[in-house]
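From first to last, the protein sequence lines are chains A and B.
Heads up, the first sequence is in full-length UniProt numbering, so the first residue is 1 and it goes up one at a time.
Heads up, the second sequence is in full-length UniProt numbering, so the first residue is 1 and it goes up one at a time.
No lab work stands behind these hints: they were computed from the structure.
There may be inaccurate statements among the hints.
Copies of one chain are not kept apart here, so a pair can be met inside one copy or by any two copies together.
To be verified - In silico DSSO-like links for lysine-lysine, alpha-carbon gap of 30 Å or less:
{"hint": "1", "residue 1": "Lys242", "residue 2": "Lys274"}
{"hint": "2", "residue 1": "Lys167", "residue 2": "Lys129"}
{"hint": "3", "residue 1": "Lys297", "residue 2": "Lys388"}
{"hint": "4", "residue 1": "Lys86", "residue 2": "Lys352"}
Just so we're clear, the structure is a prediction, and the values are computed from it rather than from any experiment.
Number of protein chains: 2
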Amino acid sequence: MASSTPKYANDGLAGFYAKVDELESTFIDQVSELTPRYATGLGDAVRIPSISAYADRRKDVFEMSEWVATKMRAVGIDVRLKNLGKQDGTELELPPLVLGRYGKDPEKPTVLVYCHYDVQPASFEDGWKYEPFEMTVEESGRLCGRGTSDDKGPLVGWINMMEAFQKAGLEVPANLVFCFEGMEEYGSFGLQGALEDEADKYFSDVDVVCIADVVWVSDEQISIPQGLRGIIFYLVTITGAKQDAHSGGFGGQISEPMVDMVNIMSSLVDSNGKILIPGIYDNVQPVTEKEYESYQKLKISEDSLYGGTGGRGLHDNQADALIARWKKPSLTLHRIENALPGAGAITSIPAKLVGKFSIRTVPFMKAEEIDHIVRKHIQDRFDTLGSKNDIEIEAHPNDWFHEDASHWNYQAAIRATRNVWGVDPAMTCEGGSIPIALDFKKILKKNVLLLPVGRPTDGQHSTNEKLDKSSYINAIKLYGSYLKEAETLWRESRKKL
Amino acid sequence: MASSTPKYANDGLAGFYAKVDELESTFIDQVSELTPRYATGLGDAVRIPSISAYADRRKDVFEMSEWVATKMRAVGIDVRLKNLGKQDGTELELPPLVLGRYGKDPEKPTVLVYCHYDVQPASFEDGWKYEPFEMTVEESGRLCGRGTSDDKGPLVGWINMMEAFQKAGLEVPANLVFCFEGMEEYGSFGLQGALEDEADKYFSDVDVVCIADVVWVSDEQISIPQGLRGIIFYLVTITGAKQDAHSGGFGGQISEPMVDMVNIMSSLVDSNGKILIPGIYDNVQPVTEKEYESYQKLKISEDSLYGGTGGRGLHDNQADALIARWKKPSLTLHRIENALPGAGAITSIPAKLVGKFSIRTVPFMKAEEIDHIVRKHIQDRFDTLGSKNDIEIEAHPNDWFHEDASHWNYQAAIRATRNVWGVDPAMTCEGGSIPIALDFKKILKKNVLLLPVGRPTDGQHSTNEKLDKSSYINAIKLYGSYLKEAETLWRESRKKL
């Protein structure tokens, strides 16, 4: 921002201060002025139960897409609903990708903004304090309801930002391309194909991507994630007899797939979390001393570090725990399932089993090499058993993600966070994968920023989802500030070229 | 039978011949004469859908108890319906034990006959060829319908036998005590308590027990089982975090119960069926050369030997396979279940698991010793893992059963089989356990005979249950012949004393 006339503006919401220049000051004042209206807009969005997972709610997801399009048009966005066809061979229509464009100024950067307008399932009977699809504003300022944090709050925030710029008589500092999805909570059907479709068309002039669907690393630590672990999901099928057999009649007499399965699974990882597959750690990047120290300093409570898992931690200090989550691969044994329909009598010998495990990968592990050594390890182990059963191995890889934080896209987000919240964000990682981040990166080949708004305890996929009012209002400010900083840094980067 | 005037009577049903004395000849002729009526009686029994597993069919189980009692009274049996109270803390009334007595002649042995009048669930939609609760007689003579083989055919057979003796003007050769159960297919609730109740009362004068609820060892091999394996069912619970965690967020960071579980399970048994727990085989009786040879000679098709399991056999010849099923312990790993309700997301780290396995035991393994070495083995293994999780072990033992076949009860059955089917039965075992056999043995302390009628492919617990007409009619003859032989041998045994 390189502000010449800095001032500190207390928004009176969370005790944070923003250090801003005049343009931003005007914008921020406008956001504060409009604040009383913002709850109404989000409340209207929450009221539409756009649950993508349930077929009988699909009409509500469509209604939500119309609601979003209407709001976008109201602030002058040129909207296009992109039809995604039917869901995976079913007769169920996929909700459209709500695309939008605003501005075409060659003197401004073009930022693609991603949010999603569908939500996780929710019903009052699951143990909600309030009706999940009727937003309740608590005295403390918590906005309670399904989707407030994930991801209707952030989505509506972008539209509010546009309105604030316009009401303040200011230009929006960047050209914007919107990509609002309606199936994020249920497999993102159709998104990848649509990105491939539009990469050289609708998205051809995009400079950077901003995904507004993440949360801070902890409730206390403002952060921007720079990396995500990948995942290779494995299904190991072991087949014995044609059908389940009674263990009284056939125990000791026939080959039992479960014996091979637990043997193979027990050879993959030990009780301390160490993966036992030879070569698996070969391309894992070592953690620098500087990273270690910075991880140790992050403000993360014991509770945030171990979530609701109640301990059973494998590490004695915060840095080691975070390194295990962010910088090292892990292997989790998920389950062993009976693969025959209707099978599973209490004393049966299961005839066909599917063992499911996954490996979380980190830079710079190579998915193909990993897959090769995993398959070899399993096959070698199986061969030593002398089993009469058959084995099949199936893998579903999703690569890790690691972004260059020195890019102006990240630097703009870092500066905006400082402007709005008054502190530098920690550069962190996520242990889980966000497939859409990788999709945008691989298909559009642009720098992809994950810009957090909510807190990890917002209850995004559980009961009593909320968004703190400070998070909601500061998101609007953050988006505006991010675009302004992006414009500045983009111009500087062009001069250097 | 030590018949003075043997004759061979072809019953025209299955090509078998019976070698009988005069009394039996008269009885058998009477059975043949009454044959056309027998199908009607069994059809009436099949028509009542006395499914004990379904609460809403309980009234039908009660109706069936009344039907049985009426039929018993019609042949002069003194019936008593023994109330068994409510089902396991529910408000559901248990169907009565239908008890009956016939004869009190001190010059005859007193034989307790056990059958059950409840059936497994069945519905046409499951893939039945005919309506399961409307008996269909095929041209080939197959009596098709739920319960024909298990266990209404055998039960009605005993009543038919009484009628045939009476119509032929003959005395029934033994005093009879009937014990017909209505909950056999759903846990035999209340039976054990009732046996304990009546051991010194209603059952005080019982000399031997005959359980008519088993089948031959194979369709081709007429047999009488002399032993049953026991079972110790284990539940191993491993508890980690308070709730399931996401493997992206927490993989590598927290202790995973599934890792300990597969490690422990893999230490119990190998892929060749060998149990790896030290000391487990210590009290297992060696198989004699004679037994080995006799097993090798049994008429058991590959199909019967491996049931519908489609091979994957661990043994190269029949005797080894049968020894593995009858004379050796086996350990089956049944499953690993998620122990928290609602848990089990595809990429979760399960927080609490129950691993289920069972050990089939044989003479003369000692359940308490086995339990001790199993627990020690698991705990030792767990201790080596250095796991942060907790472990609990729960065991449910049911002892093995092995009966003295030199007793007159067995010898009478062997002779009767020879009389009716024209061949010596093979003395076999069953790999599975029949808890009621052990209950009768432990509580009444009398010789317990398991007297087969049907064939293993009768479909007792699956669709298209049937009883061959030859099996049904020969069962009636077998019961009469068994009682006559029992009377003779009992008298001889008394003389020896």
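Report the numbers of all earlier hints that the structure fails to satisfy, in ascending order.
Hints 2, 4 are the ones this structure does not satisfy, whereas the remaining hints hold.
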